[in-house]
Amino acid sequence: MNYRFSLILISLLIFISCDKEDIEKDTDPFDRSEMLNNYANNIIIPAFNDLDNGISELKLSVELFIGDVNEVNLVSLQEKWKEVYRLWQYTNAYNFGPAGAEGLSRGLSEEIATFPVSSTKIENALSSPSFNDFNRDTRGFLTIEYLIFDIDGINDNIINAFSSQERKDYLLGVVNNIESRVDLVVSGWSGNYLNDFLSNNGTDAGSSVSLLYNEFVKSFEAVKNIKIELPLGKRPGQVQIEPHLVEAYYSGISLDVLGVQLESIENLWYGKNKEGVKGLGFIDYLNSVEGGEELVASTIDQWGKVKLAFNAISKTIPLSNQIENSPELIEPLRVELQKHTRFFKSDMSSRLGISITFSSGDGD
Amino acid sequence: MKEKLQAFLNTSISAAPLISFRLIFGALMVFSTIRFMYLGWIEEHYFEPLFHFKYWGFEWVEPLSLVGLYFVHFLMIISALGVMFCSGVLFRIATILLFLTFTYTELIDLTYYLNHYYFVSLICFLLIFSPSDISPFKIISEQKVKRSTILILKIQITILYFYAGIAKINYDWLIEALPLKIWLPAHDNIPLIGSIFSWEFTPYLFSWIGMLFDTFIILFLINKKTRLWAYIAVIVFHTLNGLLFQIGVFPLVMIGIVPIFFSDKWHERFIHFILPINRKKKFITKKTNNGLVNIIFTFFLVFQIVFPWRYLLYSGDLFWTEEGYRFSWRVMLMEKAGTAFFYVKDTKTGREGIVNNSEFLNRHQEKQMAMQPDMILQYAHFLADYYAEKGVYQPEVRAEVYVTLNARPSKLLIDPSVNLVEESDSFKEKSWIKDY
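So the sequences go chain by chain: X and W.
FYI, in my numbering the residues of the first sequence are 1 to 364.
FYI, in my numbering the residues of the second sequence are 1001 to 1436.
What the hints contain is simulated information worked out from the structure, not anything from laboratory work.
Honestly, I wouldn't trust all of these hints.
DSS-like cross-link-like pairs, simulated, lysine-lysine; straight-line CA separation at most 30 Å [what the hints assert, rightly or not]:
#1 W/Lys1411 / X/Lys339
#2 X/Lys121 / W/Lys1390
#3 X/Lys339 / W/Lys1348
Residues of chain W clear of chain X, computed beta-carbon distances all greater than 10 Å [as the list claims (entries may be wrong)]:
#4 Leu1005
#5 Leu1097
#6 Phe1427
Covered stretches of chain X (in silico footprint by chain W; criterion: 3 or more residues with CB under 8 Å from a CB of chain W, positions within the stretch not fixed) [stated by the list, open to error]:
#7 237–244
#8 293–303
#9 348–357
On a predicted model such as this, the values are computed, not experimentally measured, just so you know.
C-beta: ideal position from N, C-alpha, C; glycine also.
For reference, chain X alone in the conformation it holds in the complex (with noise of 0.2 Å):
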């Protein structure tokens, strides 16, 4: 009995001698809903629909030069291969939800821009091709990079091996193949999945912040990891460069859309969208919480070592080339992206207590 007393009784003081403003003087609680109706609305959806678009006015460039094969159609089907790889760049963050992988279905970007492509499997799938097998080396946007852009930049090359009936055929198997799935990802989320998205406001596993943030860093880590670190030949097991591993290989456009894709992921972070458009995002969701501030200095303080390292690479000589002839000029975009990792990786999810896994028990 006096046990039971004594515990209501000092629960009752508690409240009673705090005033009820002083309980609840905290900052507003940071509204994930908010924040994850600005990522869906204003970053995701137009990124895909414009990908979308973009895919509709590649595919008429693939029908007009494969209906017509000349330099005029082919540069003009190259240039608007190299336009909608840079909308690319702005959707490869987001392989969740209606983009992510399903059965046997991996995720959109492996689907799709799975890099370096296996020159010989193309050649060999001519005659049978399939474009919803394992091989995915051998279809998706890089595969129509191969198709259409010669190594030593010769058109003549390519308009020669177009006289073949199976190419034209693949070229176009290609990109349609590239148009379904990403229809199916527009439809996915003009459909259901946005609801579920925005209202799967928590931080656990599965959770739509959870989602988007493993795969935010999932696109920044294969920077370094995959386009910059295999091609230099950064891996215990690499004894030497290996520059045909950068991604874009044949078109050189690879530090153009590495660029791009820096771009999209600081804009990720921010919550802006790729006019520029800011809205609630992740730094907003760092500033609430404890110990985030001063993570938001450092990140802002890193990241500007990264852009400045990236910008004091030549843009005028493709990627494979500096690589080749004077790697240790990419090394510094190396270091700073890396020093960088920690600030996204591991120091952001702990901040905000997302948790990143399935299993039970982080912490414990």
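The hints should help you fit chain W onto chain X, whose structure is shown.
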């Protein structure tokens, strides 16, 4: 004095609490094993990874084939059922099998170490020595056991709560309300009560209540007058934890086994309630000598009481170095995360490469590894072996690991110049961990 103790431990008391404990615990084991299989965690934890982190001294434990692993889990379910319903030799076999199968799966990979898995292993171990001459199918009120058989379980539960409570007596937890200050706002979307989680006040309140609850709750459960309120508090506390944190079936396990502190009469009614059958035959209780078992229990308890204090033998901040952290009931005590980069050098060419961890570890493994020095060391040795096979000459491995603890700016955890291949894991202090 010794005779008094012996007499006390050997007193015949009602077996009802033990019978219902075995029913509840067995049922929870069945449920949690089925859940584990359903979630696909056999594949994800034991089968898919390229590399498993080992427990010190148990490096020889390897995962079976997928079929073998599933077989082990089915065996676990059957043994749990045996613990619930069997008696005699079958019961003994069931408890031994349950302990072996469960502990085996836990030993496969250190990544998934959780204090409550450790607890379950311990309970399974203690049940091996539980009397086999009782049954839920015979008349309950006439079944007796020696007091020590129930007392040992109560003491183990008390150790868990008490140590978890005093572990919370630290600066970050009580004065800074960390890590609750991070975790509560992250869950402010929980219906009804979620909105109070973002008040500045709440993490402090919950931190103090949590510490007081864990440290003292057993006292209130022992006392008959406060028992009901204490159990309500237990339900509230664990349910809240279950909503807030991804801790699986642990809340259910604690809610389910704490009733061992209830009265004999309560247990008799409980057993009759869940197994409303006609009980006629009385079970013939064997006369057993509990001498050996009591000695085992004594060593067990001494170990349980002393082992959590081993961290005192190491210098450095416990949360940072984690030397002596596991197996000491430090439950949900800190928010810690790290990012680790490993460099593997070919000592003939001098070429140093950087590892992509995702080639070897799943996300959970990578996360746990990056903040625990003994796992960093294991992984470094694995990398050296792996790349040696790939042709890297007598590799040297060093690691750059940045770790954040309780919302503080991340810092280097270990000396990034040390060749980890030359270090070995032991109970000796690790000199290559940097100061906090």
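Against the structure, the hints come out as follows:
Of the supplied pair hints, the one linking W/Lys1411 and X/Lys339 holds, its CA atoms being roughly 12 Å apart against a limit of 30 Å. Of the supplied pair hints, the one linking X/Lys121 and W/Lys1390 holds, its CA atoms being roughly 26 Å apart against a limit of 30 Å. Distance hint between X/Lys339 and W/Lys1348 is fulfilled; the C-alpha atoms sit about 28 Å from each other, no more than 30 Å. The non-interface label for W/Leu1005 is consistent with chain X: the shortest C-beta to C-beta separation is roughly 30 Å, beyond 10 Å.
W/Leu1097, annotated as away from the interface, keeps every beta carbon of chain X farther than 10 Å; the closest lies near 24 Å. At the 10 Å boundary, the C-beta of W/Phe1427 stays outside the reach of chain X, the nearest C-beta of that chain being 23 Å off. Coverage of the stretch 237–244 of chain X by chain W holds in this model, with 3 residues showing a Cβ closer than 8 Å to a Cβ of that chain against a need of three. For the stretch 293–303 of chain X, the stated coverage by chain W is satisfied: 3 residues place a CB nearer than 8 Å to a CB of that chain, which reaches the threshold of 3.
Only residues whose C-beta sits within less than 8 Å of a C-beta in chain W count toward coverage, and the stretch 348–357 of chain X has 9 of them, enough to reach three; the restraint holds.
Hint compliance for this structure: no hint is broken.
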